[in-house]
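Here are the chains, one letter per residue:
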Amino acid sequence: MLVMNNISKEFPGVKALDDVSISVKKGEIHALIGENGAGKSTLMKILSGAYVSDSGEVIVDGEKIKNPTPALMIEKGIAVIYQELMLLEHRTVAENIFIGRYPKNRYGMVDYKKMRDEALRISQELQLDLDPDAIVGDLSVAKRQMVEIAKAMSRNAKIIVLDEPTATLGEAELEGLFALVKSLAKKGITFIYISHRLREIFELCTTLTILKDGKKVESGKVSDYDTDMLVNRMVGRDMSDIYPKKERNIGKEILCVENLTRKGILHDVSFCLRKGEILGIAGLAGAGRTEILRAIIGADPVDGGCVKIKGKNVKFRSPADGIRAKLGIVPEERKTQGLMLKQNVTYNTSIASLKKYMTNGLINTRKEKQIAKDYVDLFHTRPGKIDVITQNMSGGNQQKVVLSKCLACDCEILLVDEPTRGIDVGAKQEIYNILNNLVKDGMSIVMVSSELPELLGVCDRIMVMNEGHMMAIVDAEEANEELLMSYATKEVPVKM
Amino acid sequence: MAHKSSVSAKSGNTIFNNSIQKLKSFGILWVLIAIIIIASILEPTFLKFSNVVNIIRQIAINGIIAVGMTFVLLTGGIDLSVGASVGVVAVTVAMLFQKGVNPVLAIIIGLVIGAAIGFINGLGITKGKIVPFIMTLGTLTAFRGLALYIANGSPQSWRKSGVDIKFLGQGDLFGIPVPVYIFFAVLIIAHLILKYTAFGRSVYAIGDSREAARLSGINVVRTEWLVYIISGFLAGLSSLILISRLSVGEPTAGEGAELDAIAMSVIGGTSASGGIGGVIGTLVGATLLSVIANLLNIIGVSPFIQRIVKGIIIILAILLDQNQKKRKA
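If you read the sequences in order, they're chains A and B. So the first sequence is residues 1 to 496, counted in the numbering used here. So the second sequence is residues 1 to 329, counted in the numbering used here.
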């Protein structure tokens, strides 16, 4: 169905792809895996016509594509669904599905009725349960992905590329997506699936290609691999080494949350964090995990309950209050909430702790740069320079800058939200090591994550949330994925 | 050129080092230098001291407003009301002079009025959550109306009152006009604030990502509010220089000044979507516009055509800027 032969692509200074070939048969779900920077996105951008390769050929359905452009590739039946969905948030589902080729009536005006009917037909055909009149901005991420798939199908897509589709989905939504992909594959649609979550590859995909540093490592059947083999081929390490050995010196309770309530979102959540421990928070999307962190540091208002730090009642009206009380937050969305992307490493490292670098009322930039440099050295933040604009850094290194920012404030309690989302295995390991070293030195951490193995591997205790309720707190040593999952999906007790 | 800049980067203190480093990346600076060279070849009188002074004087009045505008643009906002603020301050201060109010007090009142208009903008934008474009469009319309109303539509002269503030707009020290000193003082203070104070850093942060700024402990409401107050205050200051120069307070004073100010900032590399830029660039942008206007005047180009040229320059400047960014990325 799809053959890409000897594709090479060079950017100034980087060989992004070096003689990569893949071939995918009709109806296959083909996994494309590799660390960030391995060349997956570049390869898919060449497939979508966004980039032109320096050499090599793309053959779709036996036809060699000459002079590819995005418009031509869409015509040839290729649809790429990016992690950041390309939908118009203020328009309806039907308008999004037919964007750019609205059905017209005989006066040349958009035929809304026909568009709506067609959208409904496609939705029913795919068994998607989409309301054509719903505004896309009101839909969940999972539903929006359905809209993207419906859009692709309405364009008669033959090959659909899914780029990290599950990074923002909960487990239940994931099932829905997988069922849809599998049923479409049965009907002969070919999928290329990019994900950092290896478990999904085994659950969903039939064949795979592993990329590393712009070169193909190998292709094969998914059934011939196991997790350790995949990780090994991708990074040259074993999965078992990825979590650092827990070295702990756990002390007294430092942060206590009592009956924290935010109407409709958090219900009577209570827990305590001890000095020098990592407390994990598990749960499905929408369980209220992020909201707990935001409520603690004062980013969101609360309707009831209290937060105590070292036994003292605190009331934060803004994150500024929380940071003054030596709290730090590594937010869920690194790019929009964690960093000033247009600014460099120094600026981002110092922005929350500027008071420290003041001499005579002005910022002492020498001191400021020194601190930034110290953190770059400490965390091995690449590319090792403090004047790099953070926008141009990889996800893992961006995350290190966000961590530097929090630590520069001398925080004692760190709230981290999905610290390794969308970053590659090697960088994940570095983040785990950093967190591990921090708690060894007396930091206390609350960590939200959607990846259960990560919570089990990094945390001391794990709190499970469901629909804004705290379901359980379990010791990581005694827990496993099944147990956490059962709490996360257990029915919430109805209050009398 | 490369040689010259590398020398200057080694000498001087760090503040100007940084600025020069930044300027090196401004393609627009080289455009300015090229135009100055062309102008001096075309018209040898162009580089005469009196003409240069004339150009800087022209820059000063609108440049002060543009400095305030740069603050606002850096947060991702816009302030359309500055021209109207100039008008309100012009007529009120002129009428206070007429009534025999102490001139120093009248000037202070003028500055407070400018700041107060900024305060109102800030209130609507931060507390009322009104989009800056709309909020300041509203105050632009209303305050221009107010200026016309209190002056009854006619220019206000204070000649009979005996007040003399010519020094502010027409005076000079060591051959350089007073407005130029004021402009450069404003520019330097603004540059220091933006680069070396927590407030200045917050201005950039908000323009980059409001939520990231808030989660970094920045008081977004206060910072944004203050930015509009600064913009209003500087519009007031500019108005005082203007009426001193003209010896009359016109209710239509400063009409269109907001657009000039935006053009100067944006040509100088300040991003209209926030987070990137600075007042040194604004100086370059303001100079470029004035130099071209002056050159066109000297060679006798019709003022109508001058407007066309100005419009084209704004668009070309942005194209140049975007191309540079693309090459860097």
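No wet-lab data here; the hints were simulated from the structure. Some hints here could point you the wrong way.
Cβ-to-Cβ under 8 Å is the rule here; a few derived chain B residues that face chain A [what the hints assert, rightly or not]:
| # | residue |
| --- | --- |
| 1 | I120 |
| 2 | L123 |
| 3 | T126 |
| 4 | K127 |
| 5 | G128 |
| 6 | F133 |
| 7 | I189 |
| 8 | A205 |
| 9 | D208 |
| 10 | S209 |
| 11 | A212 |
| 12 | R214 |
| 13 | G217 |
| 14 | S247 |
| 15 | G275 |
| 16 | I276 |
Below are the SDA-like pairs computed for lysine to any residue, each with C-alpha atoms no more than 25 Å apart in a straight line [as the list claims (entries may be wrong)]:
| # | chain 1 | residue 1 | chain 2 | residue 2 |
| --- | --- | --- | --- | --- |
| 17 | A | K367 | A | K252 |
| 18 | A | K310 | A | G442 |
| 19 | A | K26 | A | I122 |
| 20 | A | K373 | B | T197 |
| 21 | A | K143 | A | N156 |
| 22 | B | K160 | B | R222 |
| 23 | A | K367 | B | N219 |
| 24 | A | K335 | B | N54 |
| 25 | A | K356 | B | I188 |
| 26 | B | K129 | A | K310 |
| 27 | A | K355 | B | N102 |
| 28 | A | K355 | B | R222 |
| 29 | A | K252 | A | D224 |
| 30 | A | K143 | A | R91 |
Quick partial rundown of chain A residues pointing at chain B, CB under 8 Å, derived from the structure [what the hints assert, rightly or not]:
| # | residue |
| --- | --- |
| 31 | A299 |
| 32 | P301 |
| 33 | I363 |
Since we're looking at a predicted model, the values are computed, not measured. For each residue, glycine too, the CB sits at the ideal point set by N, CA and C.
Which numbered hints does this structure break?
1, 2, 3, 4, 5, 6, 7, 14, 17, 22, 24, 26, 27, 29, 32
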